[in-house]
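Given the coordinates of chain A, assemble chain B onto it according to the supplied hints.
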Amino acid sequence: MIWTLLPAALAAPLAITNATVLPVAGPPIEAGTVLVEGGLITAVGADVPVPDGAEVFDAGGRYLTPGLIDVHSHMGVYPWPGAEAHGDGNEMTDPFTPRVWAGDSVRVEDPAMKRARAGGITTIQVLPGSANLVGGQSVVLKLRDSRTLAGLVFEQAPRGIKMACGENPKRVYEEDDNGPSTRMGNISAMRAKFQEAEDYRAARRRREPPPTDPDLEVLLDVLDGEVRVHVHCYRHDDIEGIYRVMDDFGVQVASFQHALEAYKVRDMIIAHETAIATWPDWWGFKMEAFDAIPHNAALVKADGGVVALHSDSANTIQRMYTEAAKMLRYGATEAQAMEMITIDPARSLGIDSLVGTIEVGKHADLALFSAHPLDVYTRVDNTWIDGTMVFDRETEGTPDARP
Amino acid sequence: MLGPDLTRRRTLALLAAAAAVTPAARAAAPGDKLDGWAPDGAPLQGTFTLSNATILSHTGQTVAGGVRVEGGTIVEVGAGVTGGEDLGGAWIAPGFTNAGCQIGLVEVGAVNSSRDDRVSGDAVTADAHVIDGYNPLSDVIPTTRANGFTHALVVPSESHLVTGQAAVVQLAGLTRDEATTLAPAGLCINLGGSGRGEGLSSRIAVARRLRQLLDEAPEPPPPDDGKKRRRKKKDGEGGGDDDLSAAERTWKAVRAGKMKALIKAERLDDIHTALDFIRDYELDGVLVGCAEGYLAAERIAGAGVPILLGPLEVQPSSFEHPHAIYENAARLHAAGVRFAVRSSGVHFARMLPSYVGMAVAHGLPFEAGIQAITANPGEILGLGSQHGRLEVGAPATFFQVDGDPLQPRYPVRRVWMAGRQASLETRQTRLLERFRTLR
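Heads up: the sequence lines are chains A and B, in that order. Residues in the first sequence are numbered from 275 upward in steps of one, following our numbering. Residues in the second sequence are numbered from 10 upward in steps of one, following our numbering.
Hints were generated in silico from the structure; no laboratory data involved. From a predicted model like this one, the values you see are computed outputs, not experimental measurements. Any given hint might turn out to be false.
[As the list claims (entries may be wrong)] Simulated restraints, written as ranges between beta carbons of each label pair: (1) B:ARG217 to A:THR669: 38 to 48 Å; (2) B:ARG308 to A:ALA645: 31 to 41 Å; (3) A:ALA576 to B:ALA255: 47 to 57 Å; (4) B:ALA312 to A:ALA645: 35 to 45 Å; (5) B:PRO52 to A:VAL634: 37 to 47 Å; (6) B:GLU291 to A:ASP368: 54 to 64 Å; (7) A:ASN589 to B:GLU400: 45 to 55 Å.
[Unchecked claim] Now the stretches of chain A that chain B is said to cover, found in silico as 3 or more residues with beta-carbon under 8 Å: (8) 360 to 372; (9) 550 to 562; (10) 595 to 601; (11) 621 to 630; (12) 646 to 652.
Even glycine gets a Cβ: it sits at the ideal position worked out from N, Cα and C.
One chain only, chain A, in its complex shape:
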């Protein structure tokens, strides 16, 4: 990690002045200054003195927000241009593939990532797809200028794993001898697999232990709470089913991904301290999305839940601020809507002490908007990651897909 921060550490301090700062951690600051040193935010406020030798960026009154965070992306693992040969997101060889890591599939040069950056996105979680009950481990990336995966990885981010239930796994494996082909098959297979991991743990303690099983080793880490569990789950009864298994094995569910029926059991989700990651207004594309309502996010948020708006799309990810604006129509406040694309996604990934707000000590991941981010006519003019400018509309325009 140190070497990726090195350029920022050596650079002169950066002072972004004359900005309408939306820190998310507190009320807006008119004509504010954000001071950046060594890739971190070192001062925020209306009366911050600019140190000698600092590079000054005059925001001209425009809106400065924390860099936006999307916890559900398949950029890199389904890179552009779309082609069968680019389908690296679902290891559809077994319902359980906990050993695989999305980082191994990431196409570092996916042009979609540059366009996401031009939408103010600074951090993404790249997840394996939802074909498998346990699809594999996620990778959290910062969208830095880098030609290596190592240069993209958000190294302090906790490990994460993708699980799935409902229609997708049963559709993918219904022809297989061992299934699953039903919802009850999904849940019982998960339960059996976690039991297998517990049995494996016991067996490993014996004098003649079984050979190392890379899949079960990862599940032991899950059982030990070392890996954050992100479960693809649409229906409220599926959410309840997942808790039946996870509660029995003492596994904390970090987030439900999609969670379109979360509103029906939001009390249960909030009591479990599980975040939801959801779309504002996607619905109807499959049976388990038919009861989606656009008020879902606002209802969960109003009752105290952690709500991340996610894209699951290399297209939508470029306009997450407009996705948040939709939430105002369905009952959220402006502050809540902004939290849904910044600090709440950070919370669901366990990186909220590092990013997600403009506060002293946090990474200098920032986005500058031409108008209020919840105004549909706004555009992102500049994006910084670790204090380094990674997008400048004036010189680049919206990046195209050419090398």
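Relative to chain A, chain B alone:
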């Protein structure tokens, strides 16, 4: 032409229905209110006045004022209108039209038994009528209507070269007859990747087949040059159609410029192919999609060919449109191209206004954006000169919204079609009410 007559007839039927207000004497029963209209006896129907509003014209101008409606028709609009209901500054906007989606054809995307959006088995299904698959009671319709949409062009999914005949529907009504505004609205022809399938393997095959179809079409009648000719006339169509099949009649109408050719073309070369066909066969052509249209903006403008543009959010994500840019709509407008906007798919149709807003953020004048979602679809598709306009004599087809209707933050409060108030209840509002408080 079938269209305008149909439009008039349905408008009259609507007015009659709006006038015949029957008091609701019995309790609601299962099956009630499926037609998408506000309950009988609801206020502000047929003849009413709204004032202290922000009136948004189809040209994107706003004026403080009101609108007065008599018998479902706008009789006064603008600054001088007072009295009636005070809207406290809320906006009144012309009804939005989505110029291309599969609304009413698909209920749940991944459930094949709920899909009626394609005719498979043949690369050319010119005599297929999309209206035969339209379900006026689809749950997608009220959800779209509740976002300010009053009309949509319904097209088959782009699964092969010639997919059938499109229709314009009004987004309310119990029956297909009540919902139909214009059918057929044009023949859907898909070039490029979307034209492949059902045995056509490449752009070469797609263009070859289309050329064959147009060459083999029954000859259009000679141009009307004022000279008397001896020929059989039937239904004012030029006669001689009795021996023709439905497909042949369709091609004849297309060749004669009596039925629009709605030609899907995304990649630059596909757009040029489409323009070549329109020129060579003198078609009444409309381009559809046009992700890379900005690269041919001068030619499109010069040819005077309009576009059903979109989805506006299309990305350089595939080999079908590797040069898609956010500024496409702005560049086409600047070149003088006339276009209406369309969404992708079915359930996402309601997102279209925010995508128009996105195009405005990337250089399209607000005024042009409003025009593209209100009046332009009517002009391009032939829905009459007053479609999508707030002007005297136009049907009172508009909606009330808290502010600028392209801003996603403002909810739509009420929708009228020809003076009749539509219901804004949806599957989603019913679920909201059921789970607003957890019991």
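Range agreement (Cβ of A:ASP368 with Cβ of B:GLU291, hint 54 to 64 Å): holds, 59 Å
Chain B covers the region 360 to 372 of chain A, three or more CB atoms within 8 Å, holds or violated: violated (count 0)
Whether chain B covers the region 621 to 630 of chain A (at least 3 residues having a Cβ closer than 8 Å to its Cβ atoms): With 0 residues in contact (Cβ-Cβ under 8 Å with chain B), the coverage given for the region 621 to 630 of chain A is violated.
Beta-carbon spacing of A:ASN589 to B:GLU400 - inside the hinted bounds 45 to 55 Å or not: The hinted range 45 to 55 Å is violated for A:ASN589 and B:GLU400, with Cβ atoms some 37 Å apart.
B:PRO52 paired with A:VAL634, Cβ distance criterion 37 to 47 Å: violated, 56 Å
Verdict for B:ARG217, A:THR669 (Cβ pair) under range 38 to 48 Å: Holds - the Cβ-Cβ distance for B:ARG217 and A:THR669, about 46 Å, lies within 38 to 48 Å.
Given coverage of the region 646 to 652 of chain A by chain B, tested with a Cβ cutoff of 8 Å and a minimum of 3 residues: Three-residue rule met by the region 646 to 652 of chain A, so holds; n is 5.
B:ALA312 paired with A:ALA645, Cβ distance criterion 35 to 45 Å: holds, 37 Å
Claimed coverage, the region 595 to 601 of chain A by chain B - three or more beta carbons nearer than 8 Å: holds (count 3)
B:ALA255 and A:ALA576 - C-beta distance against the hinted 47 to 57 Å: holds, 56 Å
Whether chain B covers the region 550 to 562 of chain A (at least 3 residues having a Cβ closer than 8 Å to its Cβ atoms): Per the Cβ count (7), the hint holds.
Range hint 31 to 41 Å (beta carbons of B:ARG308 and A:ALA645) holds or violated: With Cβ atoms ~35 Å apart, the hint holds.
Consistency with the previously given hints fails for numbers 5, 7, 8 and 11, ordered from lowest to highest.
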